[in-house]
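Single-letter residue listing:
Number of protein chains: 2
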Amino acid sequence: MARVKVSDIGEFGLIRRLAEKLSVQASGDLIIGIGDDAAVWRVGGRAVIATTDTLVQGVHFLAGVTPWRDLGWKALAVNVSDVAAMGGSPAFALVTLAVPPDAVVESFDELYVGLRECAEAYGVTIAGGDVVRAPVFSVTVALMGEAVMEGREPLLLRRDAAKTGDAIAVTGVLGDSAAGLRRLTEGGSAVDALVQKHLRPQPRLESGRAAIEAGIRCGIDVSDGLLQDVGHICEASGVSAVLRAQDVPVSDALRAAYPDEALMLACTGGEDYELVLVGTRERLEGLDVSVIGEIVPEAETLAQLLDKSGEPLTFPEAGWDHLRGGKSENGNRKSGKA
Amino acid sequence: MARVKVSDIGEFGLIRRLAEKLSVQASGDLIIGIGDDAAVWRVGGRAVIATTDTLVQGVHFLAGVTPWRDLGWKALAVNVSDVAAMGGSPAFALVTLAVPPDAVVESFDELYVGLRECAEAYGVTIAGGDVVRAPVFSVTVALMGEAVMEGREPLLLRRDAAKTGDAIAVTGVLGDSAAGLRRLTEGGSAVDALVQKHLRPQPRLESGRAAIEAGIRCGIDVSDGLLQDVGHICEASGVSAVLRAQDVPVSDALRAAYPDEALMLACTGGEDYELVLVGTRERLEGLDVSVIGEIVPEAETLAQLLDKSGEPLTFPEAGWDHLRGGKSENGNRKSGKA
Numbered sequence: 001m002a003r004v005k006v007s008d009i010g011e012f013g014l015i016r017r018l019a020e021k022l023s024v025q026a027s028g029d030l031i032i033g034i035g036d037d038a039a040v041w042r043v044g045g046r047a048v049i050a051t052t053d054t055l056v057q058g059v060h061f062l063a064g065v066t067p068w069r070d071l072g073w074k075a076l077a078v079n080v081s082d083v084a085a086m087g088g089s090p091a092f093a094l095v096t097l098a099v100p101p102d103a104v105v106e107s108f109d110e111l112y113v114g115l116r117e118c119a120e121a122y123g124v125t126i127a128g129g130d131v132v133r134a135p136v137f138s139v140t141v142a143l144m145g146e147a148v149m150e151g152r153e154p155l156l157l158r159r160d161a162a163k164t165g166d167a168i169a170v171t172g173v174l175g176d177s178a179a180g181l182r183r184l185t186e187g188g189s190a191v192d193a194l195v196q197k198h199l200r201p202q203p204r205l206e207s208g209r210a211a212i213e214a215g216i217r218c219g220i221d222v223s224d225g226l227l228q229d230v231g232h233i234c235e236a237s238g239v240s241a242v243l244r245a246q247d248v249p250v251s252d253a254l255r256a257a258y259p260d261e262a263l264m265l266a267c268t269g270g271e272d273y274e275l276v277l278v279g280t281r282e283r284l285e286g287l288d289v290s291v292i293g294e295i296v297p298e299a300e301t302l303a304q305l306l307d308k309s310g311e312p313l314t315f316p317e318a319g320w321d322h323l324r325g326g327k328s329e330n331g332n333r334k335s336g337k338a
Numbered sequence: 001m002a003r004v005k006v007s008d009i010g011e012f013g014l015i016r017r018l019a020e021k022l023s024v025q026a027s028g029d030l031i032i033g034i035g036d037d038a039a040v041w042r043v044g045g046r047a048v049i050a051t052t053d054t055l056v057q058g059v060h061f062l063a064g065v066t067p068w069r070d071l072g073w074k075a076l077a078v079n080v081s082d083v084a085a086m087g088g089s090p091a092f093a094l095v096t097l098a099v100p101p102d103a104v105v106e107s108f109d110e111l112y113v114g115l116r117e118c119a120e121a122y123g124v125t126i127a128g129g130d131v132v133r134a135p136v137f138s139v140t141v142a143l144m145g146e147a148v149m150e151g152r153e154p155l156l157l158r159r160d161a162a163k164t165g166d167a168i169a170v171t172g173v174l175g176d177s178a179a180g181l182r183r184l185t186e187g188g189s190a191v192d193a194l195v196q197k198h199l200r201p202q203p204r205l206e207s208g209r210a211a212i213e214a215g216i217r218c219g220i221d222v223s224d225g226l227l228q229d230v231g232h233i234c235e236a237s238g239v240s241a242v243l244r245a246q247d248v249p250v251s252d253a254l255r256a257a258y259p260d261e262a263l264m265l266a267c268t269g270g271e272d273y274e275l276v277l278v279g280t281r282e283r284l285e286g287l288d289v290s291v292i293g294e295i296v297p298e299a300e301t302l303a304q305l306l307d308k309s310g311e312p313l314t315f316p317e318a319g320w321d322h323l324r325g326g327k328s329e330n331g332n333r334k335s336g337k338a
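So the sequence lines, in the order shown, correspond to chains A and B. Counting in my numbering, the first sequence runs from 1 upward without gaps. Counting in my numbering, the second sequence runs from 1 upward without gaps.
Chain A extracted, bound-state conformation (with noise of 0.2 Å):
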């Protein structure tokens, strides 16, 4: 048998690979499973939503660039965000901490303290967890929440909702997080708003809230980069996107730090926890989002970036796959996530 190696397939791959294997299994009450920002399932008239994520040090922040109290709002705010971009409300979570004997406990005082601001602002109780031994610092969280309901179904912003004809929007701005990062790991100030953008992520709670009060029943949070991510649900949708560069929102300070990479950072730049939300050009054009492109029929790339006269835009430096440790997948038909 051969043996393929993790770094061979990329994360995606793998996740892919592992799904495969857990398909058969279903269950009456499961709503929604693997591939999607979070799973949901039904508890007698409610519907619960689960995610997890792991921050890694050395993977997903460095020691000493990253402080310990923004770690730990990160850790939570991530999971957060997978919670907005189902359009649910957070509630309960529980927090693993791998750590090394000889490390110094104040650093965990620290990242308590910034995941509590982050449990305090958006509503989330700490309800347990875990402290293991591991050679290498890693926090991660699994946060539970609930949908909104309509009788006894849940209205939920899902992957796989999106239709031929459905115009793509975005919140906030995008590509600041990316920009952040790179300041950071060039010795910048924390006080840099950009930085700030990294290091703070401010999951879009609300905004998947009224998403769904808007009607709304397709989005993806941006996690992975734009490109990246309307791919997802492109690829769970079983259709295709076009994006139009000019209409991708990007910050002054974006702009003016980076004023030759801020499109190409705001369309593969990952981190930003906007939301993308895909539904008819009406409904999006009553909340407060840029709409940036159309859902097309399937073809052969996912997601598509056009230029002002309409030729195709590309990035050589595109998306990000971690277990790869280089570019991602984003412009074919093969990405997914569990």
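Warning: the hint list may mix true and false statements.
Repeated chains share a single entry, so a pair holds when one copy, or any two copies, can fit it.
Computed list of lysine to any residue pairs in SDA-like fashion (alpha-carbon distance at most 20 Å, straight line) [as the list claims (entries may be wrong)]:
#	residue 1	residue 2
1	Lys-308	Glu-153
2	Lys-21	Glu-106
3	Lys-308	Val-242
4	Lys-308	Gly-44
Treat the hints as calculated values from the structure; they're not laboratory data.
Please build the complex by placing chain B on the supplied structure of chain A, with the hints as guidance.
Just chain B now, kept in the frame of chain A:
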């Protein structure tokens, strides 16, 4: 400020310290927070139970010693045991794999086979998760389930419900898992019955539910070792315990394999995943358990083992605290758990 290392205060010390930072957090829907086998909160008229556990390579298992398939089983089974220790039923799991890029993909295929075997055995649906890059492999499972309800009140096996005069009982036999681990690290065969008890723990879901039905409201699973886990109940309940060595149930296989150490392994070996149940003797005697001791008023020692003549018995090698990498504190009044 003193730089306290994690190894100075141990796993339980770190959990206590962090739990204190979160102690003023509360929610009207939270029923059980940090400090029990699992967290419990209300969702409509029901009660959701949630727990999480992580297995780290080199800490909780050794590559090349524990087969990947058994590791998959165990990663879920230890969480099922936490739900059993609350008297509830598991339902949905999120699985996070932290994988080095040079790891062999087929290992994870095997891991998922075991994970699925356990999921099917205990009625769990794997609903999602995450794959991240990390320098060392670990698997984290977050498991959600439900409590048995009586009207709007959940019926639970809590750690903090032991009362002076209650009897203490345990399901099954103890020490086999620790003996199996010893065999395994000495190169023993995976078909050895003791090794099987270590590799494929069978959480006591039915016993937990039967205990609830019999009116028992206090319990814990044996993960750290009998004395230490009884100590967790005593600390949470503000009582102490007296256990009789001759009543601690030990298998014939364990007695035959390690005649001189069987009792020590049964009292201090971890990972048996049996249940300790505490309640009136009448209620316990209706269950398939061994009564091994009584709850007594709070004393200096949390859990005291007595020999046939009523003399205190101690094991210098008692218990284990992963983060300290050495002896635990089961004799002292200061252990805890998130």
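Results for each hint:
Taking identical chains as interchangeable, the C-alpha atoms of Lys-308 and Glu-153 are never at most 20 Å apart, the minima being 42 Å within one chain and 62 Å between chains. For a Cα distance limit of 20 Å, the shortest separation of Lys-21 from Glu-106 across copies, 12 Å, qualifies, whereas the shortest one inside one copy, 42 Å, does not. For the identical chains of this complex, Lys-308 and Val-242 are intra-copy neighbours only, at 13 Å inside a copy versus 80 Å across copies, given an alpha-carbon limit of 20 Å. In this homomeric assembly, Lys-308 and Gly-44 never come within 20 Å of each other (Cα to Cα): the closest approach is 51 Å inside a single copy and 51 Å across copies.
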